[in-house]
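Colleague: In case you want the letters, here they are:
4 protein chains.
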Amino acid sequence: MLHAANIAQQIPRAELACITDVDAAAAQACADALGGIRAGTDPGEMLKDPRIDAVVICSSTDTHAPLIIEAAEAGKHIFCEKPIDFDLAKIDRALAAVERAGVKLQIGFNRRFDANAIRIKSAIDRGEIGAPHRVHIISRDPAPPPAEYIKRSGGLFLDMMIHDFDMVRFLMGCEATEIYTMAGVMVDPAIGELGDVDTAVVMLRFQNGAIGTIENSRKTVYGYDQRMEVFGSEGSVEGENLYPNAVIRRGETISRDQPHYFFLERYEASYRNELQAFVEAVVNDDPVPVTGIDGRMPVVMGLAARRSYDEGRPVAL
Amino acid sequence: MLHAANIAQQIPRAELACITDVDAAAAQACADALGGIRAGTDPGEMLKDPRIDAVVICSSTDTHAPLIIEAAEAGKHIFCEKPIDFDLAKIDRALAAVERAGVKLQIGFNRRFDANAIRIKSAIDRGEIGAPHRVHIISRDPAPPPAEYIKRSGGLFLDMMIHDFDMVRFLMGCEATEIYTMAGVMVDPAIGELGDVDTAVVMLRFQNGAIGTIENSRKTVYGYDQRMEVFGSEGSVEGENLYPNAVIRRGETISRDQPHYFFLERYEASYRNELQAFVEAVVNDDPVPVTGIDGRMPVVMGLAARRSYDEGRPVAL
Amino acid sequence: MLHAANIAQQIPRAELACITDVDAAAAQACADALGGIRAGTDPGEMLKDPRIDAVVICSSTDTHAPLIIEAAEAGKHIFCEKPIDFDLAKIDRALAAVERAGVKLQIGFNRRFDANAIRIKSAIDRGEIGAPHRVHIISRDPAPPPAEYIKRSGGLFLDMMIHDFDMVRFLMGCEATEIYTMAGVMVDPAIGELGDVDTAVVMLRFQNGAIGTIENSRKTVYGYDQRMEVFGSEGSVEGENLYPNAVIRRGETISRDQPHYFFLERYEASYRNELQAFVEAVVNDDPVPVTGIDGRMPVVMGLAARRSYDEGRPVAL
Amino acid sequence: MLHAANIAQQIPRAELACITDVDAAAAQACADALGGIRAGTDPGEMLKDPRIDAVVICSSTDTHAPLIIEAAEAGKHIFCEKPIDFDLAKIDRALAAVERAGVKLQIGFNRRFDANAIRIKSAIDRGEIGAPHRVHIISRDPAPPPAEYIKRSGGLFLDMMIHDFDMVRFLMGCEATEIYTMAGVMVDPAIGELGDVDTAVVMLRFQNGAIGTIENSRKTVYGYDQRMEVFGSEGSVEGENLYPNAVIRRGETISRDQPHYFFLERYEASYRNELQAFVEAVVNDDPVPVTGIDGRMPVVMGLAARRSYDEGRPVAL
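Chains as they are written, first to last, in the numbering used here: chain A, 1 to 317; chain B, 318 to 634; chain C, 635 to 951; chain D, 952 to 1268.
So here's chain A without its partners, still in its complex pose (with noise of 0.2 Å):
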């Protein structure tokens, strides 16, 4: 629904032709909302439609793959919501499909969009830090998904820690070589039931010999909890979190109130801003920003990051 409303009302260049959904209700709800789209259950019948130049894949994970492939051979350009699977050889065939289609496609890394990144990056490229030495990335979320939602997301190192992975690569511009992991079940034990961790750290050697430590929580008391910081030879640049006033109230302590809430919140510019970098890599012809290789090592990271932590060890990348 967030990307179709950003297609249809914010992005000039973009039409939204049609919405599908495995639930006619929730596909008709939505191109109702959208103002008289044609809404169906069916994705194949719409990859038919030849004034239909591009598609956004943003259905459960397992689907992913197949209808990357689908839309690959059917000539659609395709943007696909992260991650593309959590099976490097499924995501290799749709890559592989994608290659031979010569169609673009974006993996949705939407963090790469936020002002703070673009800044942080930014001062990277230009020297303002200097070779870079470490990269240090918090991310917690405000309070875990449901157990549901937990069993069918690849867990903390594939649902959560994956846009770190990315933003480390991104920052980096380089390569991790080497995994550590510690990990626990800090918030709920229900987690823990269900094999998967609640809270973790990873540490990273990067190929510019830099070292990188990311941290997450599934549970604040303070909502969404996004900070960053680089630190290189020549300085440091640190991106804190965004709140929804600049109010500073002074009284039994100097506060101010908590920040975003959660990504919808935090993010909303990013995800507008990913879609148009796509639409305009689309009708301009050019290189996408985020692609299928950067849409691939965030799982190798994820996995072998799970494997550091099931072994105990440090592992190669």
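If you are wondering where the hints come from, they were derived from the structure by calculation, not from laboratory data. C-beta atoms are modelled at their ideal positions from N, C-alpha and C, and glycine is treated no differently. Check each hint, because a few of them may be wrong.
Stated by the list, open to error - What follows is a list of derived Cβ distance ranges for each label pair:
| hint | chain 1 | residue 1 | chain 2 | residue 2 | range |
| --- | --- | --- | --- | --- | --- |
| 1 | C | Met635 | D | Thr1242 | 33 to 39 Å |
| 2 | A | Ala143 | D | Thr1242 | 28 to 34 Å |
| 3 | C | Thr887 | B | Ala460 | 33 to 39 Å |
| 4 | D | Leu953 | C | Thr811 | 46 to 52 Å |
| 5 | D | Thr992 | C | Ser756 | 53 to 59 Å |
| 6 | B | Gln345 | A | Arg51 | 24 to 30 Å |
Claimed, not checked - One side of the interface only, derived from the structure: several residues of chain D facing chain A at Cβ under 10 Å:
| hint | residue |
| --- | --- |
| 7 | Lys1033 |
| 8 | His1087 |
| 9 | Ala1134 |
| 10 | Ala1151 |
Claimed, not checked - Taking lysine to any residue pairs in the SDA-like style, the calculated list, with each CA pair at most 20 Å apart, reads:
| hint | chain 1 | residue 1 | chain 2 | residue 2 |
| --- | --- | --- | --- | --- |
| 11 | A | Lys219 | D | Ile1075 |
| 12 | B | Lys438 | A | Ala246 |
| 13 | D | Lys1072 | C | Pro878 |
| 14 | C | Lys724 | C | Cys692 |
| 15 | B | Lys438 | A | Pro244 |
| 16 | C | Lys853 | A | Thr253 |
| 17 | C | Lys853 | C | Gly826 |
Using the hints, position chains B, C and D against chain A.
Modeller: Then chains B, C and D, alone, in the frame of chain A:
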């Protein structure tokens, strides 16, 4: 254009019917950009259309009062940009026409719909700071407008400080009774040659006993400076500037980028919110949140501020 | 006691010779605490001691002028707490005695020696903010003094705002030419019954064209509020409050502890630094950094501020 | 010299009796500066003086253990700078001597006495953040020490990170059970030639389940970077850097001056406070706040961190 785009794209319960502008090409360009809206140069013709419920007046200030009267007599609800007029008699005639017609009139004091203002107002209303003793507003533009604009603007007190006069009334919830002004030409002598000032500070006494100060400057080297503090018996609330990102850089200094450059970026959401509120008031037949009297009083204050400056003495309101 | 301990322990080039106090026990207690210093109740006797080079006068305000005269006539250099007196004629007689004797006189405007004030002054002097257009000082005490103190204090303008009058002169580097006051009793009616106010705002015009505002309150619920901003053609510098720690807590709100509670904690270093500077001036025969005129002008300003309040009009200085 | 001046001038219940240094001139200079204290080169002679209750050992690290033993056998209470030694057997012999003699031994982990550390520890102890899940410490020096110093320093883990090992133990209130290190030479190849690293990150598991990370760098371009955060089930507390002033400048950027340059400025108060606490413990016969075990465990951790780095695997503690 901003208001038109907001109505067309951001406010689901409103539909943009047509655009008029004395410049036919401008009207057409705006209408085209928003997807085939009707365009014209004659508001009178548009006002005859029975399918139109409400109008948004954002033409030059001298046309506000006559257009309000014309729209009220046509039975349309009215949103009008500030100021209604520089002449209180003209304002009173316009408000009388609105009263007679029984239509709604909302004045475009958009800053009341800014997240900082909303939070500060709610802090006061909920007793978070006790009885207000002080209100202080800093409002500094990044650069002065062109001389042509200044000539027709009514001067700093009616063009720029009028927003702050509205804000102190909104926050204090009562009227000012006395005003004293110090001002000068510090930014650009050309502004002085036009009989205007570019830097001003006013002090106000309110009916609730609180003392207010407002300071304006037409120029900073660091973007748009929009801060305010209300101090009371139980604490203080202070609205800080808003920034395009939340990235801190540690290098020669500990720094962040400048705040938003000017009002379009800084108050973007408030422009959407004020029209949203107007549309809700019209659709639900509720009172508008910024009334004709709210439009009149800041003009009274602006005229008194100027008189205080001219006569070098405090002026009763 | 504070000054005595600073001289005895913190300023290597000074030696504390003796302590006098009208209360013999208090003098003795202070002398004992500082390790066997001579104590007495008669300053005249002490002034005969040829080994004593300088005196620090921190008795009640009504004794300042006579003690200055007595010390000057004894050829001692003088550090005297603010204010010299509430009566300009008495101040002038004291300054004349100092002039005749050729001794040094430094007035205890300690805030000039605070790190924030030093940094802001140096920013102005180095051109970091260009030509000053505005200076704004917020000075709020955590709690009003006892009625007994207020009776003898000279009132808010001569007791409390006098520090801010000194600060604006220090920062602007020129005199104020006009002052306008709004004030009231908002904190405690008992203060009003003594003929004093507890909340005041003054507006000042300076010789350099800049406009100043100072606001004082006798009471906050959040400790000592000591902030100031100077805005100019090339930027702005703002001194924020100082805090006992730099710990941020993220919970129901994002908060930190209140700032330093009152002047002893907040301005601790400045009390040491002002005496250090006095001792250096004496030892090196350099000019003192805060002169007799610097002690006189804030009294002139305080008297004018009160007159403006009493007469409801701006007062020329 | 710092400790001597603190005892001589800042701690009323202690008296500085004498100074010894292998460099007689240095001892004399220090003694003269503090006002006629006895100076010498032989600690053994001093230890015979029955009027001396306690000693402060701040000689080079290799002398710590023998001096502790000598002082303990002379029945003196001991304050000793960190680290006790790089060799655990020597540490154990020194601690055994202290135990036998029944004297007090406090180790100089001054940062526990810093206002940020005290506030964070009290937040944890009072339940403000619930159960700790994470602790993260950033500790970066402004510039690497000379090669001569590095040679004798024990390396980054025993010289620099040792403070952070103490801090995580202090904050968590339990021991670490596992450690994993990534490190490198990023600042200066000369440090690598000495077999040391200049940049390191360690990950720790604690007995309470929490996961810790510590990062060190020998060089920033922006002064001394000393931050830490503890995150728990009910919130987070974060200690920010301390600054020489609290002045914000608005110009090309919104900036403030760099934080305190190095440990003498940053931790000034903590050096005074730790000795104050030692003196109180001696005078009141209370337990010292930082014990011999507190001195031993960070050495264990530093040795394990180095082993983890050398062997590329997590090391159990």
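Colleague: Look at each hint and say if it fits the structure.
Modeller: Status of each hint after checking the structure:
no., hint, verdict
1, C/Met635 <-> D/Thr1242: 33 to 39 Å, "36 Å, holds"
2, A/Ala143 <-> D/Thr1242: 28 to 34 Å, "41 Å, violated"
3, C/Thr887 <-> B/Ala460: 33 to 39 Å, "36 Å, holds"
4, D/Leu953 <-> C/Thr811: 46 to 52 Å, "50 Å, holds"
5, D/Thr992 <-> C/Ser756: 53 to 59 Å, "45 Å, violated"
6, B/Gln345 <-> A/Arg51: 24 to 30 Å, "28 Å, holds"
7, Lys1033, "25 Å, violated"
8, His1087, "7 Å, holds"
9, Ala1134, "8 Å, holds"
10, Ala1151, "8 Å, holds"
11, A/Lys219 <-> D/Ile1075, "18 Å, holds"
12, B/Lys438 <-> A/Ala246, "13 Å, holds"
13, D/Lys1072 <-> C/Pro878, "15 Å, holds"
14, C/Lys724 <-> C/Cys692, "17 Å, holds"
15, B/Lys438 <-> A/Pro244, "15 Å, holds"
16, C/Lys853 <-> A/Thr253, "16 Å, holds"
17, C/Lys853 <-> C/Gly826, "14 Å, holds"
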